[in-house]
Amino acid sequence: MIRIEADAWREMVAHAQAIYPNECCGAMLGAIEDGEKTVRIAWPLENAYNGARGSRYELRPEDLLRADREARGRNLDLVGIYHSHPDCDAYFSETDLKNSCPWYSFVVLSIRGGAFHHANSWLPDAEQTKAEREELTY
Amino acid sequence: MAKVLIPTPLRQYAGKHDSVELTGSTVGEVLTALTARHPDLRQQLYNSEGKLRSFVNVYLNDEDIRYLEKDATPVKDGDTVSIVPSIAGGSVAAPPEPAVALSSQALTKDEILRYSRHLIMPEVGTEGQLKLKAAKVLLVGTGGLGAPLGLYLAAAGVGRIGLVDFDVVDFTNLQRQVIHGTSDVGRKKLDSASDRMHEINPFVRIDKHEVALSSENALDILRDYDIVVDGTDNFPTRYLVNDACVLLGKPNVYGSIFRFEGQATVFAYEGGPCYRCLYPEPPPPGLVPSCAEGGVLGILPGTIGLIQATETVKLILGIGEPLVGRLLLYDALAMRFRELKLRRNPECPVCGDHPTVTKLIDYQQFCGIPQPHPEVSMTDDAGDIDPTDVKAKIDRGDNFVLIDVREPHEYQICSIPAAKLIPLGQLPQHLDELDRDIEIVAHCKSGMRSAKAVGLLKEAGFRARNMKGGILAWSDKVDPSVPKY
Chain A
31 MIRIEADAWR
41 EMVAHAQAIY
51 PNECCGAMLG
61 AIEDGEKTVR
71 IAWPLENAYN
81 GARGSRYELR
91 PEDLLRADRE
101 ARGRNLDLVG
111 IYHSHPDCDA
121 YFSETDLKNS
131 CPWYSFVVLS
141 IRGGAFHHAN
151 SWLPDAEQTK
161 AEREELTY
Chain B
75 MAKVLIPTPL
85 RQYAGKHDSV
95 ELTGSTVGEV
105 LTALTARHPD
115 LRQQLYNSEG
125 KLRSFVNVYL
135 NDEDIRYLEK
145 DATPVKDGDT
155 VSIVPSIAGG
165 SVAAPPEPAV
175 ALSSQALTKD
185 EILRYSRHLI
195 MPEVGTEGQL
205 KLKAAKVLLV
215 GTGGLGAPLG
225 LYLAAAGVGR
235 IGLVDFDVVD
245 FTNLQRQVIH
255 GTSDVGRKKL
265 DSASDRMHEI
275 NPFVRIDKHE
285 VALSSENALD
295 ILRDYDIVVD
305 GTDNFPTRYL
315 VNDACVLLGK
325 PNVYGSIFRF
335 EGQATVFAYE
345 GGPCYRCLYP
355 EPPPPGLVPS
365 CAEGGVLGIL
375 PGTIGLIQAT
385 ETVKLILGIG
395 EPLVGRLLLY
405 DALAMRFREL
415 KLRRNPECPV
425 CGDHPTVTKL
435 IDYQQFCGIP
445 QPHPEVSMTD
455 DAGDIDPTDV
465 KAKIDRGDNF
475 VLIDVREPHE
485 YQICSIPAAK
495 LIPLGQLPQH
505 LDELDRDIEI
515 VAHCKSGMRS
525 AKAVGLLKEA
535 GFRARNMKGG
545 ILAWSDKVDP
555 SVPKY
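Which chain is which? The protein sequence lines are A and B, in order. Numbered per the numbering used here, the first sequence spans residues 31 to 168. Numbered per the numbering used here, the second sequence spans residues 75 to 559.
Heads up, some of the hints might be wrong.
[Said to hold, decoys possible] A few chain A residues facing chain B, derived, Cβ under 7 Å:
#, residue
1, V43
2, Q47
3, A61
4, E88
5, C131
6, W133
[Said to hold, decoys possible] Facing chain A, from chain B, some residues (calculated, C-beta under 8 Å):
#, residue
7, V166
8, A180
9, T182
I should point out that these hints are in silico values taken from the structure, not numbers from a laboratory. Predicted model only: the values in this text are computed from it and were never measured. Here a beta-carbon is modelled for each residue, glycine too, at the ideal position from N, C-alpha and C.
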């Protein structure tokens with residue numbers, strides 16, 4: 031279960047809408063208590079995919095490393111990654127799965143016509159063969 | 075000593091430490107020391123072949139060791155080793171099955187809340203809701219009938235809904251096609267409908283088929299669905315949908331509307347009749363007017379579409395008595411429903427005992443709709459006159475008569491000032507009012523009826539021409555203040 035605090039959620043939606051029609055991506059910083067994740071801060075990162083960014087994203091590991099340091103500096107943890115799917119649903123695509131990491135929650139925001147539509151959170155497995163949907167509140 | 079930073083999710087495998095101090099002269103040695111001290115980490119970082127998992131990157135301070143000397147990268151006292159996953163993705167390559175319906179064996183907490191009014195009815199219950207979630211329904215057309223169908227089937231939680239349409243929303247649709255809004259005018263009906271349906275229920279998967287259903291594509295499109303719902307407005311497509319459903323063995327939930335009356339039934343259902351058992355032959359072209367020609371009470375498709383939606387949901391749930399072998403007739407003015415018994419015709423060319431139609435045919439030809447072919451053109455295009463030329467004739471004061479062959483209530487909506495109203499049906503009785511020496515130009519709404527009028531006039535010995543595109547074209551080309559309807 032992952033809960034995104036209001037400010038962080040606003041930041042994520044605003045980021046996804048601003049980057050539309052491209053995909054946005056970013057890190058989610060927060061805390062984990064009793065298996066429940068709370069996102070306090072959304073940390074927008076650059077979509078470093080070298081190609082059409084309307085349907086792909088890539089995070090630079092260096093950026094993620096910095097986000098992790100930022101989290102540690104604030105006594106928070108890196109708990110997840112978010113990205114947007116412009117004009118399609120918030121599913122976990124084959125591309126998402128094959129480039130995922132099982133350690134984090136993956137929040138996908140569906141943006142339709144530039145406006146937020148719906149979101150899902152996913153937990154991929156270590157073998158990158160499937161992702162389970164995680165309960166998401168915001 | 076080097077410090078290894080442990081990512082949050084891995085700390086549970088590293089004694090809950092956020093970093094671990096280890097000795098080693100290379101990165102490889104440090105990592106070996108790490109997994110020696112915390113063996114549970116091994117499985118997280120390495121695959122079964124003992125290689126670092128594909129998504130695991132190792133950084134020495136700010137550098138990726140892949141660009142240094144990999145495992146052999148020397149480590150000094152005070153260096154920091156970080157484990158950083160590589161992450162990418164994107165919406166391309168949607169999962170083959172609906173991601174939201176990952177499990178059709180269970181309902182999520184959100185779904186339980188959403189469908190609670192279904193779940194508390196024993197006739198539906200969790201079992202029924204899971205049937206709805208697993209169901210695949212194709213809606214042919216997202217117009218008058220498709221609108222209520224799309225809205226309610228999405229709301230009810232039908233897991234996968236296919237839409238077939240290639241049209242664009244226009245203002246004349248809004249009087250009845252309630253799935254589309256004023257701000258959708260000009261958008262593809264598919265986009266407008268699927269947005270609205272997703273707004274109602276984001277858990278539903280929607281497949282958009284932006285095509286005109288044809289003998290070439292129908293079987294491929296219909297094959298993926300359990301139930302087909304016919305919301306079309308023309309005979310060729312109706313026969314096409316019927317035949318394809320019979321050939322594939324899929325129930326065809328049928329509805330049709332005209333002015334104040336509608337019909338509904340379920341065709342091609344185990345042992346039941348098909349559309350051809352009821353209507354073996356299409357009516358001659360032009361005999362049955364379409365909604366665009368004859369009009370339709372805006373509410374009517376709501377009633378009929380919801381009867382179709384009800385039957386669809388019943389078929390999925392397997393409850394009640396399906397509308398099979400019964401043609402439901404609805405008269406909105408009398409507010410009366412009647413039922414006609416229908417039987418499968420053993421002689422039916424498609425679903426009979428000895429079918430002669432075993433593959434899809436040319437339905438345009440079957441319905442007698444002329445193909446674009448110069449010799450068989452219904453109207454003599456050479457005699458047509460453009461609205462701008464009619465305007466020029468009026469302005470020049472040419473000696474000719476412009477007649478409007480529409481109905482009086484249409485004339486009331488809009489008219490061309492110089493035109494004389496003689497409805498097509500009354501034209502034969504009014505021929506003696508017309509002068510055989512003076513050229514006649516006829517117009518109607520879009521040019522179909524006036525083409526018939528011209529044929530009739532020519533037969534009676536008049537010099538007559540058809541105004542191309544009717545008053546709609548007049549509005550486009552001559553006088554935009556004339557409203558379109």
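* Asked: Okay, which hints does this one fail, numbers in order?
  -> When the structure is compared with the hints, numbers 1, 2, 3, 8 turn out to be violated.
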